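Q: The chain contents come next:
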Amino acid sequence: MKHYEPKLVCFSCKFGWGYLADEDELHHRIKNWVPIICSGKIDAIHVLEAFKQGADGVLILGCPEGDCHYQDGNYEARKRVYLVQKILGAYGIEPERLRIELAVDPEGKTIPQMVKDMSDAVAKLGPVKKVKERARTAAMAHR
Amino acid sequence: MWKTESKGAARVEEAIKQLLPPCQIKCPINEDIQRTNVLISLLPEEMEQARPQIIEISDYLYEKNPFFNICGYICGLCELECNYKTKGGAIRRRLLKRFLSDVYTEHLSQKEEFGVVKDKENVAVIGAGPGGLMCAYALSKKGYRVTVFEASNRLGGALWLIPGYRLPADVLSTTLSNLVRIAGIDVKYGAKLGEGKLTIEKLRNDGYRAVFLAKGTPYPRVLTFDGEVVEGQDLSGVMYGHTLLYEVSHGNIGRDYFEGKRLIVIGGGNVAFDVARTARRLGGDVTIVALEAEDKSSRDGIPADEEEIAGAWEEGIRIVYSHGVERIIGEHGRFRGISCPKCTSVFDDQGFNPKFDCTDCVSLEGDTLIITVGQVPDKAFLQREELLDEKGRLIVDPFTLQSLRKGFVFVGGDVRRIGFMVEAMKEGLVAAESIERYLRGLDMREGRKRDYEGYGIPVRKSYKRDVEVAWIPPEKRMHFQLIEKGLTLKEAREEAKRCITCGPCVSCKACVSIGFEKSLYAVEVDVERCSGCGICVYACNYDSARLTEVEGNIISTTDMFKCKSCGMCVVACPSDARKLVDDSTEKRIERVLAVL
Chain A
43 MKHYEPKLVC
53 FSCKFGWGYL
63 ADEDELHHRI
73 KNWVPIICSG
83 KIDAIHVLEA
93 FKQGADGVLI
103 LGCPEGDCHY
113 QDGNYEARKR
123 VYLVQKILGA
133 YGIEPERLRI
143 ELAVDPEGKT
153 IPQMVKDMSD
163 AVAKLGPVKK
173 VKERARTAAM
183 AHR
Chain B
127 MWKTESKGAA
137 RVEEAIKQLL
147 PPCQIKCPIN
157 EDIQRTNVLI
167 SLLPEEMEQA
177 RPQIIEISDY
187 LYEKNPFFNI
197 CGYICGLCEL
207 ECNYKTKGGA
217 IRRRLLKRFL
227 SDVYTEHLSQ
237 KEEFGVVKDK
247 ENVAVIGAGP
257 GGLMCAYALS
267 KKGYRVTVFE
277 ASNRLGGALW
287 LIPGYRLPAD
297 VLSTTLSNLV
307 RIAGIDVKYG
317 AKLGEGKLTI
327 EKLRNDGYRA
337 VFLAKGTPYP
347 RVLTFDGEVV
357 EGQDLSGVMY
367 GHTLLYEVSH
377 GNIGRDYFEG
387 KRLIVIGGGN
397 VAFDVARTAR
407 RLGGDVTIVA
417 LEAEDKSSRD
427 GIPADEEEIA
437 GAWEEGIRIV
447 YSHGVERIIG
457 EHGRFRGISC
467 PKCTSVFDDQ
477 GFNPKFDCTD
487 CVSLEGDTLI
497 ITVGQVPDKA
507 FLQREELLDE
517 KGRLIVDPFT
527 LQSLRKGFVF
537 VGGDVRRIGF
547 MVEAMKEGLV
557 AAESIERYLR
567 GLDMREGRKR
577 DYEGYGIPVR
587 KSYKRDVEVA
597 WIPPEKRMHF
607 QLIEKGLTLK
617 EAREEAKRCI
627 TCGPCVSCKA
637 CVSIGFEKSL
647 YAVEVDVERC
657 SGCGICVYAC
667 NYDSARLTEV
677 EGNIISTTDM
687 FKCKSCGMCV
697 VACPSDARKL
707 VDDSTEKRIE
717 RVLAVL
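Just so you know, the protein sequences line up as chains A and B, in that order. With the first sequence counted from 1, adding 42 to any position gets you our numbering. With the second sequence counted from 1, adding 126 to any position gets you our numbering.
One or more hints might be untrue.
Heads up, simulated DSS-like pairs for lysine-lysine below, C-alpha to C-alpha not over 30 Å straight-line [what the hints assert, rightly or not]:
(1) B:K705 to A:K94
(2) A:K151 to B:K267
(3) A:K121 to B:K129
(4) A:K94 to B:K713
(5) B:K644 to A:K73
(6) B:K713 to A:K151
(7) A:K151 to B:K587
(8) B:K268 to B:K532
(9) B:K314 to B:K129
(10) A:K94 to A:K49
(11) A:K172 to B:K616
(12) B:K587 to A:K128
(13) B:K237 to B:K213
(14) A:K151 to B:K688
(15) B:K213 to A:K121
(16) B:K611 to B:K213
(17) A:K121 to B:K244
(18) B:K244 to B:K152
(19) B:K244 to B:K190
(20) B:K575 to B:K190
(21) B:K688 to A:K49
(22) B:K705 to A:K128
Simulated from the structure, these hints should not be mistaken for laboratory data. Every value quoted in this text rests on a predicted model; they were computed, and no experiment measured them.
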């Protein structure tokens, strides 16, 4: 099998992640990185759209529990991840392709490593399967 | 990179519709508490990197409140109204400011002068306490040539009476000497108004177009019982707390001055506790006798702060509550003891009017009596200057602080009404505004009244406990060095992070200031799409999204004063009816996804 590098999209909350870093430099190191004001602002649609556009995985970084600037955005995000994982499963896309971490890293030093770790995990799954193949897997799972 | 901006879109706007977080309403000068809490919570983890940012935040606070590093030791009024109070303890805002102060006080001597061109009128400020200096600061920044006339040889007035174990002398002197330097305020020391030829009329003749009189309350109030002065206050061994604090602050009293002495301190205010704790540190065995009751929540409750009472208690000071002083007993001209009847009520509907049960009387013996029942202004001076009415009250418009007898004279601070430091500062600001209006010939009242409305507590899943206030243990703190530990950077960041930012965004804009957002986006509801399902109401943590009936249809609306532009309702809306105007987040996501 030829070398396959998964495409990951990383959303991160600005209040918890990388705000002390040089954003341009971090953008250079993290492909497809979208800092966002609150993880609670990430819509299910954004995640699904990412997969639709060809992403192999989505990583969401929110603030630690009880630390959200907008009170409970991180809890909302976590709830949403759980629900979207169900939807992905129903489409035959492995739920592990969507992950959320609630922690804090103002300098954002750990983000590239987290993205790499997830990328490695996703690489084992291979690319998101084609629709037909997925339909077959889903049907088998149903039986 | 960490850089805050306070101009343009990031400039704090005057709260419209007078909504503010409750802490900022409680603060007499409405300091930008929320904004700076958020910025502290976002400081770097390493002190070396955090230092320039701490100075940035402090510079911002300094603009409005050049006393903030003193407030960090002794104020904390804002904490009384914090929404978090009932959920795990108020945000320790005082300690957060103390944390800034620990860095900023050192930096002050390098801070550049404002360099404002002083092309406006000469104004005289009488008294270099917090009220006078605040007025001088505000006017000086606007280009007035301000001269402060101070009777003593140092700045600070009554602030010097605060013992060193609460407020270090070097913090006080550094803050104030730099304040007059930075703002370009001229100070004349040893210039006591009312003494010699120095009168208000003389100031006017010397070209001062307006005068702010903030002379404070230089004299102790004598002890009275049932409206009569209690005899024996001239006995040897009787003194006033005010005098003791003054002498201690000047270093005129030895460390063991009260060694082996039994002392009785009369009074229930914070100053009485300062006196008692000071006397204890000078070796005395101290008993406080307070008129008020132990239960602070009752009408007759003791006015001293809980922290003061706890501190005194820990230091081994006895407190006798609910007792007055009927008689001072002397022997051969020396103080021997007091006779204290039970006080059955302190206040009635008319105000201060204590009632006693003289059949229930306690006798206390002691070597020294220290009376600390309040301070009074220099009435004789005010009388000579014709600023009093026939009953001896100041005739001042309480709204503008303008004297009704002499239009160019403004009166404020303790001389008008005894209060906290920050209340005197507020009067200084009010006077500065009035003086400007007076000198520019503007209306003295128009547009000045602001009634603020507080915010409720936002909905939240979890709450955290406040950081502990740490004092040196009592057996090790019998000295005049600071007894309270400051916060570490880590503690400060965590404590600031607890702030639930319950105020409106326009009076904060921390997120814009630090570059997280470009502006505060308004939420727009597409009425055609909105089905009135109410999911947004559930999603909103700020009671901002609501359902309203318009022409028979239920649709959702957003209260823009309460909205935080977080976008949670936008995400929650199942029919895509809500959006944030001018928000580029969607576009940024699209751009990233497009190149996958």
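Q: What hints, given by number in increasing order, does this structure fail?
A: 2, 3, 9, 11, 13, 14, 17, 18 and 21
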